[in-house]
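Engineer: Input sequences plus hints: build the corresponding full structure.
These are the residues of each chain, in order.
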Amino acid sequence: MSPADSTAGDLRSIVTNNQIVVCTGSGGVGKTTTAAVLALEAARLGMRACVVTIDPAKRLANAMGLEGLTNTASKVDGAWSGELWALMLDTKSTFDDLVAKHAESEEQARNILSNRFYRNISGALSGTQEYMAMEKLYELHEEGGYDVVVVDTPPTRNALDFLEAPRRLTRFLDHRLYRVLMAPTRGIVKAVNVAAQAFLRTVSKVVGGDVVRDAVTFFQAFDGMEQGFRDRAAEVLDLLSHESTAFVLVTAPRRDVVEEASFFAEKLGEANIPVRALVVNRMHPRFSDASPGAMAERAKTLHGTDLGAMYANLADFLTVASREETHLAGLAERVAPAPVVRVPFLDTDVHDFDGLAAVGRHLFPPLQAA
Amino acid sequence: MLIVAGKGGVGKTTVSAAVARAAAMAGLSTLIVEVEGKSGLAGLFHQPPFDYEEVVLAHGGGPNGSADVRARTLTPDDALMEYLETHGLSRISRRLASAGAMDVVATAAPGIKDILILGKVKQLERGKAADLIVLDAPAAGHAITFLRSARALLDAVHVGPINTQAKDVLEMLTDPERCQVVLVTLPEETPVNELVETAYSLEDEVGIMLGPVVMNGLYHSLEGLDRDPDEAAKEAGAFLHPGEANALRSAAQFRLKRSALQHEQLERLAERLPLPQICLPYVFSADLGPQHVDELAGAFNAGIDDLVEV
Chain X
1 MSPADSTAGD
11 LRSIVTNNQI
21 VVCTGSGGVG
31 KTTTAAVLAL
41 EAARLGMRAC
51 VVTIDPAKRL
61 ANAMGLEGLT
71 NTASKVDGAW
81 SGELWALMLD
91 TKSTFDDLVA
101 KHAESEEQAR
111 NILSNRFYRN
121 ISGALSGTQE
131 YMAMEKLYEL
141 HEEGGYDVVV
151 VDTPPTRNAL
161 DFLEAPRRLT
171 RFLDHRLYRV
181 LMAPTRGIVK
191 AVNVAAQAFL
201 RTVSKVVGGD
211 VVRDAVTFFQ
221 AFDGMEQGFR
231 DRAAEVLDLL
241 SHESTAFVLV
251 TAPRRDVVEE
261 ASFFAEKLGE
271 ANIPVRALVV
281 NRMHPRFSDA
291 SPGAMAERAK
301 TLHGTDLGAM
311 YANLADFLTV
321 ASREETHLAG
331 LAERVAPAPV
341 VRVPFLDTDV
351 HDFDGLAAVG
361 RHLFPPLQAA
Chain S
1001 MLIVAGKGGV
1011 GKTTVSAAVA
1021 RAAAMAGLST
1031 LIVEVEGKSG
1041 LAGLFHQPPF
1051 DYEEVVLAHG
1061 GGPNGSADVR
1071 ARTLTPDDAL
1081 MEYLETHGLS
1091 RISRRLASAG
1101 AMDVVATAAP
1111 GIKDILILGK
1121 VKQLERGKAA
1131 DLIVLDAPAA
1141 GHAITFLRSA
1151 RALLDAVHVG
1161 PINTQAKDVL
1171 EMLTDPERCQ
1181 VVLVTLPEET
1191 PVNELVETAY
1201 SLEDEVGIML
1211 GPVVMNGLYH
1221 SLEGLDRDPD
1231 EAAKEAGAFL
1241 HPGEANALRS
1251 AAQFRLKRSA
1261 LQHEQLERLA
1271 ERLPLPQICL
1281 PYVFSADLGP
1291 QHVDELAGAF
1301 NAGIDDLVEV
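Protein sequences, first through last, are from chains X and S. Counting from 1, one number per residue, gives the positions in the first sequence under my numbering. Counting from 1001, one number per residue, gives the positions in the second sequence under my numbering.
Source of the hints: derived by calculation from the structure; they are not laboratory data.
Some but not every residue of chain S turned toward chain X, in silico, with C-beta under 10 Å:
1. Leu-1225
2. His-1241
3. Ala-1286
No experiment lies behind these values; they were computed from the predicted model shown. Beta carbons are placed, not taken as given, at the ideal position from N, Cα and C, and that holds for glycine.
Structural biologist: The following block contains the structure:
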């Protein structure tokens, strides 16, 4: 690939012109690394940047000083003119903080935090991790004083989980069952309550009485806090769809992964959120412009010689390179005019700042490259 | 039953297809159970997408007398309805559905969705739905949560049908005669590290038997790549186009370097995890189709044969 067809300059302006950058894509495509490189570049440009990661590979986490779950940003020292802060999301304590913030009294907070149903929600309700990632993002943006916050989204099965996440809990609170359970305190006619009791008995038959009691206690303890949660969720959603928030779609050139990325792009489009750049990690290099078929023919003619093996090998990689471009073509078109930034296979996994810098050279070629 | 598990992006679905086809080639009728939609499994066999209804992905018979490979998708909602109805609780099932209470119940007892799926798989296994059931497990860390759900639910739910279901599922998972896990990874640093972690947590926390590890995407070796292209051309009496020597050299160097890295990872895995390994080759083709699944199935069976000989 020639430097001329690289539009990586746009990626640099995405980092400098936005207050929030969300890296999104399926699992295992290098989102965490991409997020770290973007934040590092911002720091190199003199900005105060913070990267929020969800589940970094251990060695990268160590390199960034993220050994323990602290849930507060820690400063990463290094030779850059700005500041780089990093934090690894701790879903549960983010949720705990949120409960403490919205509780009307310390007692209410305590009752909720010690409830088993709450502990299940904070640990296992699908979408909670996404929700908390966005909540943390909002908090850092509002209170951290950063020029840019880069966030790596959790590997979700459903593209929009992280967008819908803030809405998810409030929808939970709007649930008919919740309203029915709260009925006694709100003076709704008694008949509803009788129906609720019958329903709970039915559920108890399947999952056991303890479980139902925990749930009821939770909903009762939560009473009065819903509005605070709803308002906050609405603010988080506003921030995500604000024009100073940029979404960067990260993918690998494999067919299944590209299909998933296309689905993400489509869903973002439906939510009126443009993809501002597409980063494709782990591209196989294209060693020549020859056609794979022609090289395979040469290999066949020269079968049995070392040169034949070399042609066979070249044909193999040309096939893979053109396969990857074929897979990407539709996606690139879908996200146009967003730039497509290709990062080749690297010799080793990225687990330190040298590795991040190596990726950075592909994402952000030198400004004055002649 | 074989449970195929691994992080996203390691080719779990391709390996599930290859394992199923390998078993079918050995004459075992095979059923692939999917728990996540959109995996591309049907596409690998050039078949239209499927869901809860069972379909045939690859017909058996033919000169080699192989058996059928079938597949279906299981979802927690379908599994719950079916479970309740077959247990004479269809009134409850309608109520649960009408109130949309599944979310609340699933939150009250996390893992309930997983146990419903595993319960259904157990029923298929008990009912001898096929000689071999291949379960394409959920990706990423979710595989551990998924398989741990039985034990976790036994702690949370002490009575009732869910408790019984969890007990039965755990019994199946921890019986090496009935169930094993095949872990899939790539010959790269992070996937290898994650595989080792997953392997130990599955053994410790679920008590499930681990079968061989599948190392997917290994470049097969080619002799002669360490040559200088110009010399090799002279020796073969061939003529190189301008620039071709460079392309041949860079491509050869790339493969040699990556192959060396791949073998380092293979050794590292062997050092850190005392499990037999089966290597599947990287497929250098324009797209994956049934013939590649067959090639991989052949490689899988060859790998099994090697293990048996050792």
